[in-house]
Amino acid sequence: MKDFVLPDRDFGTPAAKSKQMVTLNIDGFDVTVPEGTSIMRAAAEAGIPVPKLCATDSVDAFGSCRLCLVEIEGRNGTPASCTTPVAPGIKVHTQTSKLKQLRRGVMELYISDHPLDCLTCAANGDCELQDMAGAVGLRDVRYEAVETHFRAKDTSGGANPQWLPKDDSNPYFSYDPSKCIVCSRCVRACEEVQGTFALTIQGRGWDSRVHAGARADSFLTSDCVSCGACVQACPTATLTEKSVIDIGTPDRAIVTTCAYCGVGCQFKAEMRGDELVRMVPYKHGKANRGHSCVKGRFAYGYASHQDRILNPMIRDTIDEPWREVSWAEAMEFAANRMKAIQQKYGRQSVGVITSSRCTNEESYLVQKLTRAVFLNNNTDTCARVCHSPTGYGLGQTFGTSAGTQDFDSVEDCDVALIIGSNPHSGHPVFASRLKKRLRQGAKLIVVDPRRTEMVEGAHYKAAHHLALRPGTNVAIVSALAHVIVTEKLYDEAFIRSRCDWAEFEDYAEFISDPKHSPEAVELLTGVPAEEVRGAARLYATGGNAAIYYGLGVTEHSQGSTTVIGIANLAMLTGNIGRPGVGVNPLRGQNNVQGSCDMGSFPHELPGYRHVKGAEVRAIYEKAWGVEIDPEPGLRIPNMLDAAVEGSFKGLYCQGEDILQSDPDTRHVAAGLAAMECVIVHDLFLNETANYAHVFFPGSSFLEKDGTFTNAERRINMVRKVMAPKQGYADWEVTQMFANAMGAGWTYTHPSQIMAEIALTTPSFAGVTYDRIEEMGSIQWPCNDQAPEGTPLMHIDGFVRGKGKFIRTEYVATDEKTGPRFPLLLTTGRILSQYNVGAQTRRTQNTVWHDQDVLEIHPHDAETRGIRDGDFVRLASRAGETTLRAEITDRVSPGVVYTTFHHPVTQANVVTTDFSDWATNCPEYKVTAVQVSPSNGPSEWQESYEAQASLSRRIAAAE
Amino acid sequence: MSHDSNWQTKLITMANQIARFMESKPHAEGVAGLASHINDFWEPRMRRQLFDILDQGGTGLRPLVIEAAPQIRRPATA
Numbered sequence: 001m002k003d004f005v006l007p008d009r010d011f012g013t014p015a016a017k018s019k020q021m022v023t024l025n026i027d028g029f030d031v032t033v034p035e036g037t038s039i040m041r042a043a044a045e046a047g048i049p050v051p052k053l054c055a056t057d058s059v060d061a062f063g064s065c066r067l068c069l070v071e072i073e074g075r076n077g078t079p080a081s082c083t084t085p086v087a088p089g090i091k092v093h094t095q096t097s098k099l100k101q102l103r104r105g106v107m108e109l110y111i112s113d114h115p116l117d118c119l120t121c122a123a124n125g126d127c128e129l130q131d132m133a134g135a136v137g138l139r140d141v142r143y144e145a146v147e148t149h150f151r152a153k154d155t156s157g158g159a160n161p162q163w164l165p166k167d168d169s170n171p172y173f174s175y176d177p178s179k180c181i182v183c184s185r186c187v188r189a190c191e192e193v194q195g196t197f198a199l200t201i202q203g204r205g206w207d208s209r210v211h212a213g214a215r216a217d218s219f220l221t222s223d224c225v226s227c228g229a230c231v232q233a234c235p236t237a238t239l240t241e242k243s244v245i246d247i248g249t250p251d252r253a254i255v256t257t258c259a260y261c262g263v264g265c266q267f268k269a270e271m272r273g274d275e276l277v278r279m280v281p282y283k284h285g286k287a288n289r290g291h292s293c294v295k296g297r298f299a300y301g302y303a304s305h306q307d308r309i310l311n312p313m314i315r316d317t318i319d320e321p322w323r324e325v326s327w328a329e330a331m332e333f334a335a336n337r338m339k340a341i342q343q344k345y346g347r348q349s350v351g352v353i354t355s356s357r358c359t360n361e362e363s364y365l366v367q368k369l370t371r372a373v374f375l376n377n378n379t380d381t382c383a384r385v386c387h388s389p390t391g392y393g394l395g396q397t398f399g400t401s402a403g404t405q406d407f408d409s410v411e412d413c414d415v416a417l418i419i420g421s422n423p424h425s426g427h428p429v430f431a432s433r434l435k436k437r438l439r440q441g442a443k444l445i446v447v448d449p450r451r452t453e454m455v456e457g458a459h460y461k462a463a464h465h466l467a468l469r470p471g472t473n474v475a476i477v478s479a480l481a482h483v484i485v486t487e488k489l490y491d492e493a494f495i496r497s498r499c500d501w502a503e504f505e506d507y508a509e510f511i512s513d514p515k516h517s518p519e520a521v522e523l524l525t526g527v528p529a530e531e532v533r534g535a536a537r538l539y540a541t542g543g544n545a546a547i548y549y550g551l552g553v554t555e556h557s558q559g560s561t562t563v564i565g566i567a568n569l570a571m572l573t574g575n576i577g578r579p580g581v582g583v584n585p586l587r588g589q590n591n592v593q594g595s596c597d598m599g600s601f602p603h604e605l606p607g608y609r610h611v612k613g614a615e616v617r618a619i620y621e622k623a624w625g626v627e628i629d630p631e632p633g634l635r636i637p638n639m640l641d642a643a644v645e646g647s648f649k650g651l652y653c654q655g656e657d658i659l660q661s662d663p664d665t666r667h668v669a670a671g672l673a674a675m676e677c678v679i680v681h682d683l684f685l686n687e688t689a690n691y692a693h694v695f696f697p698g699s700s701f702l703e704k705d706g707t708f709t710n711a712e713r714r715i716n717m718v719r720k721v722m723a724p725k726q727g728y729a730d731w732e733v734t735q736m737f738a739n740a741m742g743a744g745w746t747y748t749h750p751s752q753i754m755a756e757i758a759l760t761t762p763s764f765a766g767v768t769y770d771r772i773e774e775m776g777s778i779q780w781p782c783n784d785q786a787p788e789g790t791p792l793m794h795i796d797g798f799v800r801g802k803g804k805f806i807r808t809e810y811v812a813t814d815e816k817t818g819p820r821f822p823l824l825l826t827t828g829r830i831l832s833q834y835n836v837g838a839q840t841r842r843t844q845n846t847v848w849h850d851q852d853v854l855e856i857h858p859h860d861a862e863t864r865g866i867r868d869g870d871f872v873r874l875a876s877r878a879g880e881t882t883l884r885a886e887i888t889d890r891v892s893p894g895v896v897y898t899t900f901h902h903p904v905t906q907a908n909v910v911t912t913d914f915s916d917w918a919t920n921c922p923e924y925k926v927t928a929v930q931v932s933p934s935n936g937p938s939e940w941q942e943s944y945e946a947q948a949s950l951s952r953r954i955a956a957a958e
Numbered sequence: 001m002s003h004d005s006n007w008q009t010k011l012i013t014m015a016n017q018i019a020r021f022m023e024s025k026p027h028a029e030g031v032a033g034l035a036s037h038i039n040d041f042w043e044p045r046m047r048r049q050l051f052d053i054l055d056q057g058g059t060g061l062r063p064l065v066i067e068a069a070p071q072i073r074r075p076a077t078a
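Residue numbers (the working numbering), protein chains in the order written: chain A, 1 to 958; chain B, 1 to 78.
Please keep in mind that the hints were generated in silico from the structure rather than gathered at the bench.
Source: prediction; values computed, not measured.
Ideal placement from N, C-alpha and C gives every residue a C-beta, glycine not left out.
It is possible that part of the hints are untrue.
Calculated Cβ distances over 12 Å to all of chain A for the following chain B residues [stated by the list, open to error]: (1) G57; (2) I66; (3) P75.
Okay, the calculated bits of chain B under chain A, using three or more residues with CB under 8 Å as the criterion [stated by the list, open to error]: (4) 10 to 24; (5) 33 to 44.
Each computed DSSO-like pair below joins lysine-lysine, with the alpha-carbon atoms no more than 30 Å apart [to be verified]: (6) K816(A) - K25(B); (7) K515(A) - K720(A); (8) K488(A) - K25(B).
Start from the sequences, fold in the hints, and give me the full structure.
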């Protein structure tokens, strides 16, 4: 176990970016800093901390506390060092008798209106007010305050109207107004870092109070998104994590990586003993730069939830209750079954699903299990259902599936084009960084059927919102390209030097056809042609233009085609290969990038190398001492089809809940039910486990070492902060199982697995744990050509050589509306819940979202007699479910929307088995449905619930 | 090996989807592209089912799939 190494000091004000350096003298020492740096920061960098209260380096200087005063030779007065920039040659004094006296006076006033209950205060030992009282040598408070904000009763025993009770409405932190010094750090963090503007200073002078939302609001009812930035910024106990109030202050911190989304925020896990006290975003985390969202910051309670299964379990058939057994017995049972299946039905009758939640090392071992032990290529991962079209589309056009930028790149972006993604909910920390850039003046284009939170918010508004009909992405992206080509807005010099000119000419001829014009597709897409033209012109001519896209692009029958279309747009306009531009797939899961990198796809060995390549197979044949199957294996939907057909009988599924997350639940259930051995390896008895014969309990991200790779290809360390509650890290469990199958693996630490990955995968050749420790994180490719890793791709040329333009013909999905199913259902996410909710539902995040609701336009609701909050039946050709309706014009007429965070809703009962033509990525985003009033759960929901509760029984110990 | 008609229906849909994309390419490139896509991504038992369909005349398949068939790798019988 390692403590974090980099100092995590607060320099008071943000770093200046100027390349012009300035030398000044502070307390007799020469200091050289970038122009624009504050005197406070320059002093801190020289190791001289100036006392301060209202300054912290996550927000701009404010100059309100008057504690950081300094004297400058030749200048009058005592300027605040936080708001005074450095100047060449000035001589600054931070500690003079005049300054000492002034600071003591300021502190005296602060303390006169602050309760002196330090010993029993939650911030005792972690309070900047306390620290500053000590730093300035405050020994006496001469003012006997008559009026205060902290005494509940005044001197005569009556209620003190200035005293406000604690606001405990947020489940994770409390707001105690009596301890507030009104430094505004929380308000500024909410504005500048998070970009929500939920907090404000209400009143003036003596009446100034921090307040969330409007006058009648609490933190919970306000716009607050519980990101925790205010709590982190607060210098006193005013805003405090409830876990700190309950447990006490932590005594050490270990830097690790969040296990929620693909942003890959780094956190300090602050510990006392083996108890996790709090997660605090790590300032040196290169994806999040010290920021966090409600999930990573607070929603970690699932790791110690009572639902966690801590003992291995087995059963002969799925209608029996589970039997708890020893690890050895579970391994023997599972291995015997898998061996028997392979003997009876052949080598190809079993397979694995690697987890996008687990570490790179763990995914690598699971795919190695199928390739080197089962001796087939039947491995897949949840990227099948999210970003597999990205792999195909970017691979074809650019030569690699890699996202092209790092997140820092957004700071140089002038136009952000967001397609089928709602970073506000799905990738909130990236969204905060984007919104910051938008407040600085960058322009925004949003392509989304729904008016998401990204379309308009505090101090930003999309210049164009193309609210297209679900399923018409290719038509819209092609229309954008049509405008760029026919109006000659393309970057000819870039295309001539970086792409194949003949291929461009072919594409230009194709796309110039009037049938691709915005006017021609307007009826199809529902987007006014002028909006499309405006968006295309802005994207092509607005400066650095970056595309950010998500599952609204990929989860369609033409997902891969849209990705190709997006790559075409970036190549046409030369928006590739420098900061501020690029094609940025926003990945869903914490390690979905990594699980793909690690060879989880059935046609690719680690590093995206096709199994048909004899020279690639030779590398693994030598390393593993087995023959590698040269044929591609089954993808998840194919596994289920083969299971129903009878040729696929055994599955080892690590950390993924296919029954809830995959489309057409009935078909998934039928596939699982047809198998003879389903091994589920997870923290909880998930929905898939209803059909499992073996359950291996999993370990949380807090309980193991390893690495996650985020959406920027950044390999971040995951560090064990506590022992696995069920005894073993997940890589150890996979190894035990492989060895029970006869593998003979002998890994003793994940670093050895990474060494094997580096040895066999060219893009990881330079990656070692020591190197990651040293650099903090590494973006692959990392090898002899790029020993420091690769923040930006395709700088001097595309990975495949010349960028390839490919025609993108629009083909309407087979999922069509008609009289029986006249509405289009599309699905998405909400901020507080994550994916199938296995984790977030087991935290207090449920206060924000305790059920999935169906968003429906007022017109569609009215014609169906549906009122807000009514139970409604949602039916498609695949199945039906019930949930409550929310009437809103966020969705257009004809479109309905829901999330799939709750198993009881079973939204995927409704989704169909249509999928992307190239990758079989399911078409979650378009389902023809009908909505009608309902009295209660559907028949399927009831029978499912009955089966699930029967299946979850665990036999009492004898 | 049993024949699951549902699976075959699905494979016909999948092959036709690939064909629809490849049809926008120059003809020869489209034929080769379709074949190599299926060779690269379809597991042998999927290709075997596809050949079962083709051998019975390829009913339901778009012409490009049928034209590409000679370039698709026929898996060894199970």
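Original post:
Is K816(A) close enough to K25(B), meaning Cα to Cα at most 30 Å?
Top reply: Holds: K816(A) and K25(B) sit about 26 Å apart, inside 30 Å.
Subject >> Check on G57(B) being off the interface with chain A, judged by Cβ distance over 12 Å >> reply: holds, 21 Å
Subject >> Verdict on chain A covering the segment 10 to 24 of chain B, criterion of 3 CB contacts below 8 Å >> reply: Answer holds; 9 residues pass the 8 Å Cβ test.
Subject >> Check on I66(B) being off the interface with chain A, judged by Cβ distance over 12 Å >> reply: holds, 18 Å
Original post:
Straight-line Cα separation of K515(A) and K720(A) no greater than 30 Å?
Top reply: violated, 57 Å
**OP:** Could you grab the alpha-carbon distance between K488(A) and K25(B) and see if it respects the 30 Å cut-off?
**Re:** holds, 24 Å
**OP:** Verify that the Cβ of P75(B) lies farther than 12 Å from every Cβ atom of chain A, and report whether the claim holds or is violated.
**Re:** violated, 7 Å
**OP:** Mind taking a look at whether chain A covers the segment 33 to 44 of chain B? Criterion is 3 or more residues with CB to CB distance under 8 Å.
**Re:** Contact hint for the segment 33 to 44 of chain B vs chain A: holds, 7 residues under 8 Å.
When held up to the earlier numbered hints, the structure conflicts with 3 and 7 and fits the remainder.
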